[in-house]
Amino acid sequence: MATAAAGLGGLEALAARFRTCPVTGLKVDAAAETLIKVNAVAAVVFLAIGGLLGLLVALTRWQGVHLLGPDAFYLVLTAHGINVLLLWIIFFEVAVLYFASAVILNSRLAAPQMAWVAFVLMVSGALTVNWAVLQGDSSVMFTSYVPMQASPLFYLGLILFAVGALIACFVFFGTLVVAKEEKTYEGSIPLVTFGALTAAIIAVFTIASGAIILIPTLLWSLGYIRHIDSVLYKLVWWGMGHSSQQINVSAHVAVWYLIGALVLGAKPISEKVSRLAFFFYILFLQIASAHHMLVEPGLSAEWKVFNTSYAMYLAVLGSMIHGMTVPGAIEAAQRKRGFTNGIFEWLRKAPWDNPAFAGMFLSLVLFGFLGGISGVVLGAEQLNIMMHNTLYVPGHFHATVVAGTTLAFMAVTYLVLPLIFRREVMFPTLAKWQPYLFGIGAGGISLFMMGAGTLGVSRRHWDITFSDAALGFDYPGAAFLMLGLNGLFAILATVGGALYVVITVASVLFGERVGPEGPKTPISAAPAAVTAEAVGKYGSAGTLHLPGTYVLITVFFVAFVLYYFVNWKYLSELWPMG
Amino acid sequence: MAVQPPEARLWWNEPVARGELVWVAVAFLWGVVMFVMMIWWHLEGRQNLSTEVYRIDPEVFRSRVEAFVEQHKVGEEGTTGIPIARVPPGGDAYMLGRLWEWWPVLELEKGKTYRLHLSSLDWQHGFSLQPVNMNIQVHPGIEHVLTITPTEAGVFSVVCNEFCGVGHHQMTGRIRVVEPGKGG
Ligand code: HEM
Ligand SMILES: [Cu+2]
Ligand SMILES: [Cu+2]
Numbered sequence: 001m002a003t004a005a006a007g008l009g010g011l012e013a014l015a016a017r018f019r020t021c022p023v024t025g026l027k028v029d030a031a032a033e034t035l036i037k038v039n040a041v042a043a044v045v046f047l048a049i050g051g052l053l054g055l056l057v058a059l060t061r062w063q064g065v066h067l068l069g070p071d072a073f074y075l076v077l078t079a080h081g082i083n084v085l086l087l088w089i090i091f092f093e094v095a096v097l098y099f100a101s102a103v104i105l106n107s108r109l110a111a112p113q114m115a116w117v118a119f120v121l122m123v124s125g126a127l128t129v130n131w132a133v134l135q136g137d138s139s140v141m142f143t144s145y146v147p148m149q150a151s152p153l154f155y156l157g158l159i160l161f162a163v164g165a166l167i168a169c170f171v172f173f174g175t176l177v178v179a180k181e182e183k184t185y186e187g188s189i190p191l192v193t194f195g196a197l198t199a200a201i202i203a204v205f206t207i208a209s210g211a212i213i214l215i216p217t218l219l220w221s222l223g224y225i226r227h228i229d230s231v232l233y234k235l236v237w238w239g240m241g242h243s244s245q246q247i248n249v250s251a252h253v254a255v256w257y258l259i260g261a262l263v264l265g266a267k268p269i270s271e272k273v274s275r276l277a278f279f280f281y282i283l284f285l286q287i288a289s290a291h292h293m294l295v296e297p298g299l300s301a302e303w304k305v306f307n308t309s310y311a312m313y314l315a316v317l318g319s320m321i322h323g324m325t326v327p328g329a330i331e332a333a334q335r336k337r338g339f340t341n342g343i344f345e346w347l348r349k350a351p352w353d354n355p356a357f358a359g360m361f362l363s364l365v366l367f368g369f370l371g372g373i374s375g376v377v378l379g380a381e382q383l384n385i386m387m388h389n390t391l392y393v394p395g396h397f398h399a400t401v402v403a404g405t406t407l408a409f410m411a412v413t414y415l416v417l418p419l420i421f422r423r424e425v426m427f428p429t430l431a432k433w434q435p436y437l438f439g440i441g442a443g444g445i446s447l448f449m450m451g452a453g454t455l456g457v458s459r460r461h462w463d464i465t466f467s468d469a470a471l472g473f474d475y476p477g478a479a480f481l482m483l484g485l486n487g488l489f490a491i492l493a494t495v496g497g498a499l500y501v502v503i504t505v506a507s508v509l510f511g512e513r514v515g516p517e518g519p520k521t522p523i524s525a526a527p528a529a530v531t532a533e534a535v536g537k538y539g540s541a542g543t544l545h546l547p548g549t550y551v552l553i554t555v556f557f558v559a560f561v562l563y564y565f566v567n568w569k570y571l572s573e574l575w576p577m578g
Numbered sequence: 001m002a003v004q005p006p007e008a009r010l011w012w013n014e015p016v017a018r019g020e021l022v023w024v025a026v027a028f029l030w031g032v033v034m035f036v037m038m039i040w041w042h043l044e045g046r047q048n049l050s051t052e053v054y055r056i057d058p059e060v061f062r063s064r065v066e067a068f069v070e071q072h073k074v075g076e077e078g079t080t081g082i083p084i085a086r087v088p089p090g091g092d093a094y095m096l097g098r099l100w101e102w103w104p105v106l107e108l109e110k111g112k113t114y115r116l117h118l119s120s121l122d123w124q125h126g127f128s129l130q131p132v133n134m135n136i137q138v139h140p141g142i143e144h145v146l147t148i149t150p151t152e153a154g155v156f157s158v159v160c161n162e163f164c165g166v167g168h169h170q171m172t173g174r175i176r177v178v179e180p181g182k183g184g
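Taken in order, these protein sequences are the chains called A and B. Okay, so the first sequence: first residue is 1 according to our numbering, each after it adds one. Okay, so the second sequence: first residue is 1 according to our numbering, each after it adds one.
Hint data in this document are derived by calculation from the structure and do not stem from the laboratory. Owing to the predicted nature of the structure, the values given are computational and were not obtained by experimental measurement. Possibly wrong hints are sitting among the right ones.
In silico SDA-like pairs for lysine to any residue, Cα to Cα no more than 25 Å straight-line [unchecked claim]: (1) LYS569(A) x PHE28(B); (2) LYS272(A) x PRO15(B); (3) LYS180(A) x LEU10(B); (4) LYS110(B) x TRP568(A); (5) LYS183(A) x TRP11(B); (6) LYS112(B) x PRO576(A).
Just chain B, with the same shape it has in the complex (with noise of 0.2 Å):
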């Protein structure tokens, strides 16, 4: 019994039956494939997280974004008095997380790439965006940088996913996708 001593002494002298030796077998090759699943991806695959990042000042991460909004505004979101800034395709795009906002709304359009800045002011946030469903851990001083081809026109709409206090579920943002050369 397995509450007693083993009862050969030599126990790690014991052959194995056949169908034990095959389940590890199995089982090893399957952890093989399933590691070499994560590598190929990363070769022929085309939703990698980027390892792009820097360090950052919160404040200089904050006039950056301030600067971009400038440059690129092109409205307000509804009544929020939120700044909409539309990226130029292939350009930088620029969003902060802090207590409770993810902002600026952006506007992207389809089929293009971006290089997406991301960075917190405060805490940790989580961004998540919906219902995409594509979700990237975002800290204070460091400014991840990914690069993202919208596929769908619409609006998504960016939730808080990390927990970050108790206003953390009315942190939202926008991103707007249009048709090529159908900017508003």
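Bound conformation, chain A alone (with noise of 0.2 Å):
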């Protein structure tokens, strides 16, 4: 038996083309290649879908234009949903994945086959479900909450998709062994590809829960089961949703360790550390889903407040870490590289120009200030009964997906272009501002949206005039306001993003084939003109300078704590409550 397949598996390495990059030095498996640029296209056919809807959307919630009607609200509302977060995070972590073994590991990626039929199998899903959901009867949001019932085509599209990202994550799995065995890396495994297993580990437990919910919900929506408790829907739903988001995190640190490693050459500054980080994602994955369940009945607080804090915040924990540990690696490789002058030159004279480098420092910022602390705030069990439902939490979700993974994975796409796809990209002068535009929009959005839940604006609402309601009422006028910035916001997002997808589409179409000296592209940033000596080997203590980073990390933690208890301080005015 062992022979046997050891004897295949030869075969299956002769068989494979690689070719060697001449950028990295890595050696790339063409099927890998192949797999990785299906699936970041299909990724980007969706969140331009996606997007688009997502414009809509804030176009009606602004209440001078109020573009759509109710009924095409909610089904766009519940089609947006589901083409970003579901389609375009999913197809792009699929890619992600394939890139984090086989290409960076040297090795073949293992059974293509199988990851073919998980491509097909998640477009047939993707494809379902939005079939369903344009039918009309199927607008119950992306979380469709039971006794609301779908279409029996909407729960099968869903678990379609979903039994093809899981055979996606086992294709990743089969290569890493693929690699260990046929040595094609020395030691562990990179920081990379670490970050990007522990995605899959993720992945793997939240694809569980997600069939354990949706199995059942197609079965009653087919009349075979009579009855789903709405709570334990909730409960084991979010076992996959929110669990799920620390998919899109894992995927998107990993993303930026990738792109400062082969923008400025940084290395982690410790890898004890950064790894322990990734760790803490895997430890306390399972119980983020009580982050849904902080005002729902019938649950006990002990449960809510042990659960929401993931153990006593070890994720958050861990999420801090990153954010001082990527900064920190910029820094430490800025200064090797001759940018020693002051606390800031090394962020001053970073590659600002570089899209790739622009978007992953957005990214990181705005993930960390917009969408880190407002996740935490919103997480606090008592603080959540003032922005439950409110459009603070679509608000503080944009900060942590749109502003945070969508613009990293965008970001990363400019290197893929060159590296991957093999084709210059096309309109550099618009890539440079795409990162901007894009993340300032994002930014944006998320920061309005938190301002109108702040003052109880409700999401998923089509009418905030209440016009045709039996009771009227008017939110203040402030709330009217954040939602038209939110709407200008919202352009300014669009045109980023179909900035993006116009570049990556032109240049996967008609781009310049990169030549065998390499792409023109600019991939690594120059370094200044007089290297010095600050910084010695990482990863050693004492020899780390890295002023810049303690700045920037003593401004968030700031921010975060004063944050934090002004919040405690409103919740103390509302009515007591018991």
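Got two chains here, each in a separate frame; can you build the complex from them with the hints?
This is the structure:
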């Protein structure tokens, strides 16, 4: 058995075609390369669709424009959530998994046929669920809380997609095994691959949760099961829905490290600490569904406090660690490259005109300041009473998953185009602007939705003037202002998003082929004229001197603490309740 | 580089820089503070979600709310025909959510404490008290009893903030808070 398998493996290895990347020196497996391409292309297609739908939603919530009617609004909002949060993000993550395993480890992809099966399943699931939503009888939002019911095709599409994603994870694990057995690298796997491994492990758990709840729900929609408990549904559904956000975080943190490495040659300042931080995500992943159940009846306060804090904020600790080690690695790399003056020369003279770097750094800052802080506040048990189901919630997650994950994935695309698609990036001037437009737009919609939520405005709501309601109500005027500003920044984000799609599609289809001497598109940034000896070997205590990073995290920490306690102050002014 | 295996094979034995250690310690302690904060608020804070919950058949809940309205009705809200129930201070108040209304309108006295019973007759709804901005999820089949004390007089609205179908944005309710002894 074993020898037969080894023999087959050997044959497959022979059959795999490799090329050597002129920039990184990595050996790239042709099958892996094709699969990365198709998954990335599918991702961009769904981002284009979903992003446009997001604009329609924002223009409807802008009361002065109020673009769509109610039926269309709820349909489009359901489709927006599915196309961007599930389809765009997960297709791209599959591409990241194949890249972080096969390409970074110099290995062939294990079982490319299975990877194709995964792709076909994911595409069919994606088309099925979109078809179901377009029929108009499945406008249930991507969360599909029972007892509201969608058509069976809706659940079926989600299940097909999830099975595909699960297979893709196993192709990734298989590739790690192949690489280890065929000794394509020495020592431990690189940090980027470690981050991807974290994402894949979490993905397996979350997809299992998804199966546990979606399969019975499908049977219920077909009439085979009479009743699904609405609290239990949420508990298990969010075991998928929230824990999968940990996949996004792991994946985009891995991408941050990846971009730092390729553009600036950055190394983790300590392998041990960065890996530990990833490990925290795995340990505490399943209990995050509490974040969505803090004002739910029927769960004990002890359960809520323990779970919502990920067992005393240890997963948050993981993110706070990355929040220091990523800029720290960049500062160290920049200092080593000669930018040693003062506290911030390394940051001022960073390659801000390289869209990969600019996107990555904006993603880091917006994710930390807007997404991270608001997430922890939102997840504090009692504070959640002031925010649950208001626009604060979408405000928070547009900071994490749009300004954070989506922007990071856009940024890395500017490296994937020349290195994997082997096409020069077209419209380089527009590409320079793209991360700023999208980042500022996404930051704006996050901020203004949070603002409207603080004023009490409901999420997923077609008409905040309540013109058809029997009992009217007026939100404060500032709420309308917030939604107007949200609309303006949504336009900015859409312009940035559209530029991304146009640049990517044009470069893939019509971009100049990269020659054997390597791409002309800038990848790594130029060092300072004189390289200094400021930072010695990383990872060795005592040699690091990172004053800029310390200033940045101090500012972050102060903002965090102030905002956290201000919210407790607001809470204390609500009607007493027990 | 982060795309290469760690330089030191025994990377887990490498010492960690001071600054990094300090940050890990600060972040960890901050987590402990935030954790204790929630517990402390259960002991000392006055805004905590009640955990008094009962399983209930939606039909049973409906008949209870109807009996409650029967007993305490003092008028109708404008021309809407929606009954207003004045709740005796310190008493039990009932409000149900259904597609697409919160029913009935309640009249409470400022500074008095009430037991508010919430449940849904059909899908999930969101009880969002505005402009106070208190938000509680309401499920069918579960009766949630909250103890609340209005601290200001005025007309307050209940907006549904859980998506509940195409009439979701029409689903509102009302709570009137009057000065003690000034009920209408
Ligand atoms: C052009 C960019 C985008 C704009 C203008 C935009 C705007 C919006 C708006 C206005 C809402 C509605 C909030 C509400 O009424 O409840 C929304 C919901 C949402 N957005 Fe976006 N968005 C954009 C991109 C994205 C991306 C890239 C993602 C995911 C990666 C995303 C994920 C979501 C999700 C999950 C929802 C919640 C849907 C629901 O409540 O069921 N959005 N977005
Ligand atoms: Cu409702
Ligand atoms: Cu509703």
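Hint check:
1. LYS569(A) x PHE28(B): holds, 23 Å
2. LYS272(A) x PRO15(B): Distance of about 9 Å is within 25 Å: holds.
3. LYS180(A) x LEU10(B): holds, 17 Å
4. LYS110(B) x TRP568(A): Satisfied, since the Cα-Cα distance of roughly 23 Å is no more than 25 Å.
5. LYS183(A) x TRP11(B): Holds. LYS183(A) to TRP11(B) sits at ~19 Å (cutoff 25 Å).
6. LYS112(B) x PRO576(A): Judged against 25 Å, a Cα distance of about 11 Å means the pair holds.
Checked against the numbered hints above, the structure violates none of them.
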